[in-house]
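Protein chains in written order, with my numbering: chain A, 1 to 323; chain B, 1 to 325.
There's no promise every hint is true.
[Unchecked claim] When the alpha-carbon atoms are kept at most 30 Å apart in a straight line, the in silico BS3-like pairs for lysine-lysine are as follows:
| no. | chain 1 | residue 1 | chain 2 | residue 2 |
| --- | --- | --- | --- | --- |
| 1 | A | Lys298 | B | Lys190 |
| 2 | B | Lys291 | A | Lys189 |
| 3 | B | Lys214 | A | Lys287 |
| 4 | A | Lys290 | A | Lys159 |
| 5 | B | Lys29 | A | Lys278 |
| 6 | B | Lys160 | A | Lys290 |
| 7 | B | Lys214 | A | Lys278 |
| 8 | B | Lys190 | A | Lys278 |
| 9 | A | Lys189 | B | Lys182 |
| 10 | B | Lys88 | A | Lys278 |
| 11 | B | Lys302 | A | Lys287 |
| 12 | A | Lys290 | B | Lys291 |
| 13 | B | Lys160 | A | Lys189 |
| 14 | A | Lys89 | A | Lys7 |
| 15 | A | Lys7 | A | Lys77 |
| 16 | B | Lys190 | A | Lys287 |
| 17 | B | Lys90 | A | Lys278 |
| 18 | B | Lys29 | B | Lys88 |
| 19 | A | Lys287 | B | Lys182 |
| 20 | A | Lys189 | B | Lys302 |
| 21 | B | Lys302 | A | Lys298 |
| 22 | A | Lys290 | B | Lys214 |
| 23 | B | Lys232 | B | Lys212 |
| 24 | B | Lys29 | A | Lys290 |
Please keep in mind that the hints were generated in silico from the structure rather than gathered at the bench. Since the model is a prediction, treat every value here as computed from it, not as a measurement.
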Amino acid sequence: MMLEGVKIALGYKIRNGPWGGGNQFLISFKDYFESGGARVTDHLEEALDMVVMVNPRKGSGTFDYNDVLKYKRRNPKTKIIFRVNDTDKSGKIYKADKLRLKSCRLADAVVFISDWIRDYYIERGFDCRIPHIVIRNGADENIFNPQGYSVWDSSRPLKIVTHHWSDNCMKGADIYQYFDQLLDDPWMKQRFEFTYIGQLPSYPTKVQFRNTRYIPPLSGMALAGELKKHHVYLTAARWEGCGMHQLEGACCGLPVLFIDEGGGAVECCEGFGIQFTKDTFAISLFKMLKQYIGFQPKMRTFPLNATLMVRKYADFILSVLKK
Amino acid sequence: MLDGIKIALGYEIREGPWGGGNQFLASFKDYFEKKGSRIVHHLEEGSDLIILINPLRGSGTFNHKDIIRFKRRNPKTKVITRVNDCNKSKLNDVGDRDTLRLEACKVSDAVVFISEWLRDYYIEKGFNRGIRHTVIRNGVDKEVFNAEGYTPWEPGIPMKIVTHHWSYNWNKGADIYIWFDKLLEDPWMKEQFEFTYIGRLPRITPKSSEVKFKNIRYIPPLSGMALADELKEHHVYLTASRWEPGGMHQLEGACCGLPLIFNREGGGIVESCRGFGVEFTEENFPISLFKMLEQYRDFVLKMNNFSSTADVMNKKYEELILGLF
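So that you can see chain A by itself, here it is in the shape it has in the complex (with noise of 0.2 Å):
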């Protein structure tokens, strides 16, 4: 295989358990890469052959913006590949759109991980000359899949679902707690079931709810099973780089409630459920009992998933490399 012996470094330290996207695109990247013959490590190592760098910031992961800056100095023939995978927008404390796109200056070439995202920089100055693709995020077909999934039948509530890992309010807060107090209607509770996988939403204000169902964080086939209980995956998430959490509920087998401020969670999801506005969202829930049964088939299609996304990847730091 092609990527036998290449030494590629990636800025940040896998974790286990319930983390956010950013934590499985690594898993899949180095599960792949290592498969084919690739050593994958998580510090700038000398003789690289590729640095990825996820997270330009200081002490975000192992190395940074500086730390690759001063390794290309001393190693210019090694490749380095940016993977833009958030944006300002999306509510985070710290403000890092401008390294970004100082990132993309000093990267060999650079992935969007969505056409959004990518819009979002060309519209703040990125260099369109820089070589760079979109490959969206994939979840892990291993364990995101449709095995075990049960079709609603009608007679029973739509059970949907969300999780999130982070507890940022801009995850959709506003939206869940609006389902929450639909709920508080005995005829909706009748139609509908909502639960919430996750830390609950605290920043900057603590949410509660009184009809949701709660499960704290889950990981791996524990979530995926639990997933696999409900009918629907829902986010309303805003300003989502790519996001995954939306990924992993369509790999089940579940269609897709989403808000049209998702950013790139938008296009992952479009054809695959139903697009609403903080307006529409009370009839995104009807208009989703009504077109369910259509959905099905489709959602045997979704192809978002990680082998998908790492072979992607592959073919792009070889074409890379080859330069």
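Take the given structure of chain A and dock chain B to it, following the hints.
Just chain B now, with coordinates in the frame of chain A:
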């Protein structure tokens, strides 16, 4: 016993699409004249009974201060104040008219509130419960607003929803109608629902421009048979009006056979609508549309029992008046 009684009503009646107060006057006049009473619109000597509707100077033909002077000369004349409005209904600052109404109550032999909600509102504001008082809800003319010609909705076609307002007051539910208009941008929603707005379009202030709807059919103000006929072209009546003292529009819709979708913050409207449709809050309005799709059959059968007619209302006024004499 009403034969020969001279009643002074504090308003001139207007023709055409005017608010609930005007409807009341027309119906009251008609009923009591048929009973042999004489209705006048000014404080004429020899009046046996005065009905004060609005104590605001300049809004009617007389106010409570005129009544005080009149009563000094004519102590035997009885006075009924019909309380049909409150400050809470008005979005813009109109000054403290509630205090004025409470003052008017003090010169009355009896007070009629047009809803329990309005009665409780004034009790909270200091209405003296020692004054004889009762609740008589509005009623509509069954000769005009009846279910003859109403065609119930059948699943498979869009449910036609209608509202009508003679006032441009934003509190008549403009925010909800704008929301409905937005929801109808979705073709799927258009397959389920249609919405018609009859009347004066909402404005935030008298000088600001009217709201422009994109997906709502608009019909300029109508009244009488033309209004009733138009209402009957629809299946369901929607009122999003807030803090209505009693409301007339929803009664006209309901008397035409249309089940109601009504705002929980409707004030006096709520008690007249309960049992005849679906209640919504500011947050769950869209849900009420789908609830109505499901529960319409049950409600449409109940509409035959809707009894807020002018006849019922006028009989209650008759009982009250006879009790005073």
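Q) Can the restraint linking A:Lys189 and B:Lys182 be considered satisfied, given a maximum Cα separation of 30 Å? A) 26 Å, holds
Q. Regarding the pair B:Lys214 and A:Lys287, is the alpha-carbon distance no greater than 30 Å?
A. 22 Å, holds
Q.
Does A:Lys278 sit within 30 Å of B:Lys190, going by the straight-line distance between their CA atoms?
A. 19 Å, holds
Q.
Please verify whether B:Lys29 and B:Lys88 have alpha carbons no more than 30 Å apart.
A. With a Cα-Cα distance of about 29 Å, the restraint between B:Lys29 and B:Lys88 holds, given a limit of 30 Å.
Q.
Next pair to validate is A:Lys287 with B:Lys182; report whether the Cα-Cα distance is within 30 Å.
A. 16 Å, holds
Q. Is the straight-line distance between the alpha-carbon of A:Lys290 and that of A:Lys159 30 Å or less?
A. Holds, because 14 Å separates the two Cα atoms, which is no more than 30 Å.
Q) Hey, B:Lys291 versus A:Lys189, does the alpha-carbon distance stay inside 30 Å? A) 13 Å, holds
(Q) Between the alpha carbons of A:Lys89 and A:Lys7, is the straight-line distance 30 Å or under? (A) Violated, because 34 Å separates the two Cα atoms, which is more than 30 Å.
Q: Verify the proposed pairing of B:Lys232 with B:Lys212, using a straight-line Cα cut of 30 Å.
A: 24 Å, holds
Q: Measure nothing beyond the straight line between the CA atoms of B:Lys190 and A:Lys287; if it is 30 Å or shorter, mark the hint as holding.
A: 12 Å, holds
(Q) Would the hint linking B:Lys88 and A:Lys278 be met if the CA-CA limit is 30 Å? (A) Within the cut-off at roughly 29 Å; holds.
Q) For the pair supplied as a hint, B:Lys214 and A:Lys278, is the alpha-carbon distance within the 30 Å limit? A) Holds, at about 19 Å.
Consistency with the previously given hints fails for numbers 5, 14, 21, 24, ordered from lowest to highest.
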